[in-house]
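Undergrad: Kindly generate the complete structure, drawing on both the sequences and the hints.
Protein chains in written order, with my numbering: chain F, 1 to 352; chain B, 1 to 437.
Derived from the structure by calculation, the hints contain no laboratory data. Don't take every hint at face value.
The calculated lysine-lysine pairs, modelled on BS3-like cross-linking and capped at a C-alpha distance of 30 Å, are [unchecked claim]:
#1 F:Lys-124 x B:Lys-225
#2 F:Lys-124 x B:Lys-68
#3 B:Lys-225 x F:Lys-28
#4 B:Lys-228 x F:Lys-129
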Amino acid sequence: MVVKTIPEIPVKKGEPPYKLWIFEPGEKKEFPLVFNLRQLAEQRRPALIPGHRLCAGCAAPIVVKLASFAFRGPTVVVTATGCLEVSTTIYPYTSWAVPWIHNAFENAAATGSGIEAAIKALKKTGRLKYEHVDVVVFAGDGGTYDIGIQALSGMAERGHDVLYILYDNEAYMNTGIQRSGGTPKFAWTTTSPVGSVLPGKGEHKKPIADIMVAHRIPYVATATPAHWMDLIKKVRKGIEVNGPAFIHALSSCNRGWRHEEGISIEILRRAVDTCYFPLWEWTPETGYLLTDRSLVIARNPSLKQPIDKFLEVQGRFRHLLRPENKELLKQLQDYVDAVWEDLLKRASNAPR
Amino acid sequence: MPREGDNNGSRGEGVGMSRLQLIPKYPREKQVMMNLNGDEAIAYAAKQSYVDVVAAYPITPQTIIVEKYSEFVANGEVHTEFVPVESEHSAMSACVGAAAAGARAFTATSSQGLALMVEILYIASGLRLPIVLAVVNRALSAPINIHNDHSDAYLMRDSGWIMLFAENVQEAYDTTIQAFKIAEHPEVQLPASVHIDGFFLSHTLENIYTLPDEAVYEFLGGPRKIPKVRVDYFDEEVDYALNPARPLSFGSLALYDYYFEMKIPQLIAINKALDVIKQVNEEWYELTGRRYGNGLVDPYMVEDADIVLVAMGSGAGTIRSVVKKYRERGLKIGLLRVRSYRPFPHSDIRNLLRNTKLVAVMDRAIGPGQYGALYLDIASTLYHERSKPILVDYVYGLGGRDLSPDMVSAMINQLVKDLERGYIPEEERLRFLGVRG
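TA: Given below as structure tokens:
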């Protein structure tokens, strides 16, 4: 297990991609933002290295890997309890190539706040010899929408320089697919089952990213790993702003959404194509700005797909496609349309 | 000034104490007398302890600590990053993050706040992070009550924290500084809590002797030193911290194959703290001329006593003054104050109570469906003795009810009768002091 040489970042040609990220104290090295596939492959290694036990088809590690391509240098990662945490750090192994901490479920943002405060204090007294050490939090929808929203809101209000990335697989997948505040209306979960009376979850998804916008923090965005270049750019912006940033990344879960492993990215692409999950970013200066595919759809509304395209490949919505549930499907379509129209009104780069 | 019967730390009586008069490095004339309440004393001690991160949330009667520390920050008297968190849960979470990042972290709470924190207390000790927490003990709801008893402290009894109970404001100041040294000792590396009684100490002004800043800095060996650990990946020992130079993973998942083995070193460490608390108590004595028994227990006239009262916290002051009066009248009675509740000093207590005929444990909390927590600890200590003293549990002072000298006298009179009778029937082994009806 003992390695003789301390590996270098960035990757050298021919080196295995599973070495830890080492930044010697005092080293002034800032990775430029690259989002060209060849450059990424040659110059970047992900902070999450192979060997983790997340399911085949899970989009969470893709979110993490893409996000880590945008890290600019020394970075500490905080993870809330959840699939990502339990599957990547089964003792005595770890898949994290960067300093990583998991504290508990609801307090990832508070833990990040404490780390950021410690970094400030240690830098102030000359004990941490880096220009900047970035703090990035990864948390699931349960740890963000529900149990963790208090700590997240507190972190945002206090202005800690932390990037919080929500990987939203729309239910408590780690405990076995229970509904969360992030589960969409009519989705089947084990605690919102489709029965003879109830058609799955009765409530809509909480607009978490808009809640973070309401905090007026420096940067808020939505992203999916299907739109990877967009995600990388947004993560970099979130890291570079001085203060809290929040990125809401939709992350498919083949176990919970009931789809085939091979189509995770396709489903996320459809989520954007149907405007179920529009891509945008927000800063206090610019307001809402549509990005990537959502901007394209705003400019050419004929590209907008019906919500069926997103639902038809997922078992959790199977009941909505039955003829007797046509009305429910329409309800969902109307809701998606209303939210999209609302966003078009707010987005300053949407065509008027 | 110390009140009558108060332990002002100058006696040093008890287990293995030398009675030689030592000239401290900082005798009283070199110390600074300040008029502080318990909360202010703790905040001042934390200020002098070169704390990097304070994350705290207000709750009566702890609030003055947060307020005072905020003042130090606002006036630029400290380098500390103050994180005014949105709950106690986040206070401890932020402390865990900060300590994992290599900072010296401090927070304070009471009662319901401690209850909210409990989840993360176990994580702090499990991750071996030497955070210091001041607990201003207050009763738990319901009914809601802001005054003192120890029921909140027992929430954290098995959390793996070192728990030290102070008797007066001077000791609160001293113990807070000592707690950093104990917690950060290379062989301990565990979080420590300093307990003071709400209002009785937190809001009571006392003239206390404080050290100059540089003396505290020197006593603690400067800023927090990060311990080194061995991990497979690296050839050399690496910092046990979130360090970009040598990345480690903190808080991983360990199941039935490793969890058990990970818990054992934690037990070894907290038992090691028994020696470290004693050692730090002695070092403090050499520095300031003040010590509290042997650091773990603070006995008063216990050696030849027939009756010994066992107590923790501020109540010990009142009890001591009454014990003193009874001694003057010739009753062989003593007081054993437990200072270190966790780790529990079994062998010291056993040695001190070996020849006692009757032990009355004074619990400032109830254990519904059971005796008080302190009683259980004392009972487990005495079980293995050949001749066991009569043991009785007195629950007193719930919800801040005052413990008056008269109450203690009445109790002692009863104990004298019990001792004459030679036994206490089972239904009387749990008694209540100062409760109506």
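Undergrad: For each hint given before, does the structure comply? Return the numbers of the non-compliant ones in rising order.
TA: none
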